[in-house]
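Heads up: the protein sequence lines correspond to chains A and B, in order.
Taking UniProt numbering, the leading residue of the first sequence gets 1, the next gets one more, and so forth.
Taking UniProt numbering, the leading residue of the second sequence gets 1, the next gets one more, and so forth.
To be clear, the hints were calculated from the coordinates, so they are not data collected in a lab.
Just so you know, even glycine gets a beta-carbon here, dropped at the ideal spot from N, CA and C.
Accuracy of the hints is not assured; some may be wrong.
Straight-line alpha carbon distances no greater than 25 Å define the calculated DSS-like cross-link-like pairs of lysine-lysine that follow [unchecked claim]:
id : chain 1 : residue 1 : chain 2 : residue 2
1  : B       : K93       : B       : K45
2  : A       : K111      : B       : K45
3  : A       : K150      : B       : K57
4  : B       : K72       : B       : K5
5  : B       : K72       : B       : K93
6  : A       : K111      : B       : K93
7  : A       : K111      : B       : K72
8  : B       : K57       : A       : K111
9  : B       : K45       : B       : K14
10 : B       : K57       : B       : K38
11 : B       : K55       : B       : K86
12 : B       : K57       : B       : K33
13 : A       : K150      : A       : K92
14 : B       : K38       : B       : K5
15 : B       : K33       : B       : K14
Just a few of them, taken from the derived set where beta-carbon distance is under 10 Å, the chain A residues facing chain B [to be verified]:
id : residue
16 : F80
17 : F113
18 : G130
19 : G131
20 : L138
21 : E146
22 : K150
23 : D154
If you want a taste of the chain A side facing chain B, the calculated C-beta under 8 Å gives, among others [said to hold, decoys possible]:
id : residue
24 : K70
25 : Q77
26 : I134
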Amino acid sequence: MLRFPLLAALCVALQALLATGFVVVPTTTSTTTGTTSRSMSDDFLAETPSGTQERIQALVDNHPVLLFMKGSRLFPQCGFSNTAVQILESFKIDFHTVDVLSDEAIRSGVKDFSQWPTIPQLYVTGEFIGGSDIMIELYQSGEMGEMIEKAKADMI
Amino acid sequence: MADSKFPVTAAIRKNLDDAFNPIHLEVINESHKHNVPKDSETHFKVVVVSPEFEKTKTLIQRHRLVNDALSKQLEGPVHALSIVAKTPAQWQKMVDAGEKIEPSPACRGGDGSLPSN
């Protein structure tokens, strides 16, 4: 017997609202050594281009080592993105990846943000470093290692 | 390869020639290694050796110059661009050391769609 018919009615209404997808709960998955962002571009309120730029800026500000890539850290879907991931993995640090294949707004937005036409794109402590070719050269020269050492100070 | 069959390759070559007057230039169509239709012109590696790069201080500056020279292609059909950009002195050092240009990494499937940035 329902003693609180109004409350029950509110519960039913909330369930119905969640079922429509009108209200979206963002999800983030964490691995033991890093995190991956899930797409929020299916939100009912479509993101504006400037909204995307702000979202990218927030990612750049909040993650000392950030890679925009195709696929995920565990399953790269592009040879160049895989190269970038392998280089970062070699340093055994916590780094964040964003899968542009699951977020069309970011995929095009990051090209404007960085003024760089291709993926992957690496940011270290807020600075755009470049794509996989540059990462390879910096890795071979030792400069990547120095950069990562400095970035580690921001990871505590 | 006839220019008419591979117009993007020809355009890339011309733009790099005009922008950098290189002493050595290779424009390598790597599209066949990727998940795209036959005879695509979507994935390229370019090797540009030019004294113009002596003016640049960082790798990013150098790569941005190449991106700018190929902006039309990159806004259009070109989906991926691997860049080797060297000054003549750097290139000579590589040649003397017998270093080869590495082919780009193997495709891992991509998103399966037709080429688009």
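Status of the hints after comparison with the structure:
1. K93(B) - K45(B): Measuring from Cα to Cα gives roughly 20 Å; hence the hint holds.
2. K111(A) - K45(B): 19 Å, holds
3. K150(A) - K57(B): Holds, at roughly 21 Å.
4. K72(B) - K5(B): Answer holds: K72(B) to K5(B) is near 19 Å, not above 25 Å.
5. K72(B) - K93(B): 32 Å, violated
6. K111(A) - K93(B): 34 Å, violated
7. K111(A) - K72(B): 14 Å, holds
8. K57(B) - K111(A): 23 Å, holds
9. K45(B) - K14(B): Cα-Cα ~15 Å, so holds.
10. K57(B) - K38(B): Between K57(B) and K38(B) the Cα gap is close to 39 Å, so the pair fails against 25 Å, i.e. violated.
11. K55(B) - K86(B): Roughly 11 Å between the alpha carbons, so the hint for K55(B) and K86(B) holds.
12. K57(B) - K33(B): 33 Å, violated
13. K150(A) - K92(A): 14 Å, holds
14. K38(B) - K5(B): 12 Å, holds
15. K33(B) - K14(B): Holds, at about 24 Å.
16. F80: Hint holds; F80(A) Cβ to chain B Cβ min 6 Å, cut 10 Å.
17. F113: 14 Å, violated
18. G130: 5 Å, holds
19. G131: 8 Å, holds
20. L138: 7 Å, holds
21. E146: This interface hint is violated because 14 Å lies over the 10 Å limit.
22. K150: 16 Å, violated
23. D154: With a minimum Cβ separation of about 21 Å from chain B (threshold 10 Å), the hint on D154(A) is violated.
24. K70: OK, holds: K70(A) within 8 Å of chain B, min 7 Å.
25. Q77: The hint holds - Q77(A) has a Cβ within 8 Å of chain B, the shortest such distance being about 5 Å.
26. I134: Since the shortest Cβ distance to chain B is 5 Å, the answer is holds.
Of the numbered hints listed earlier, those contradicted by the structure are 5, 6, 10, 12, 17, 21, 22 and 23.
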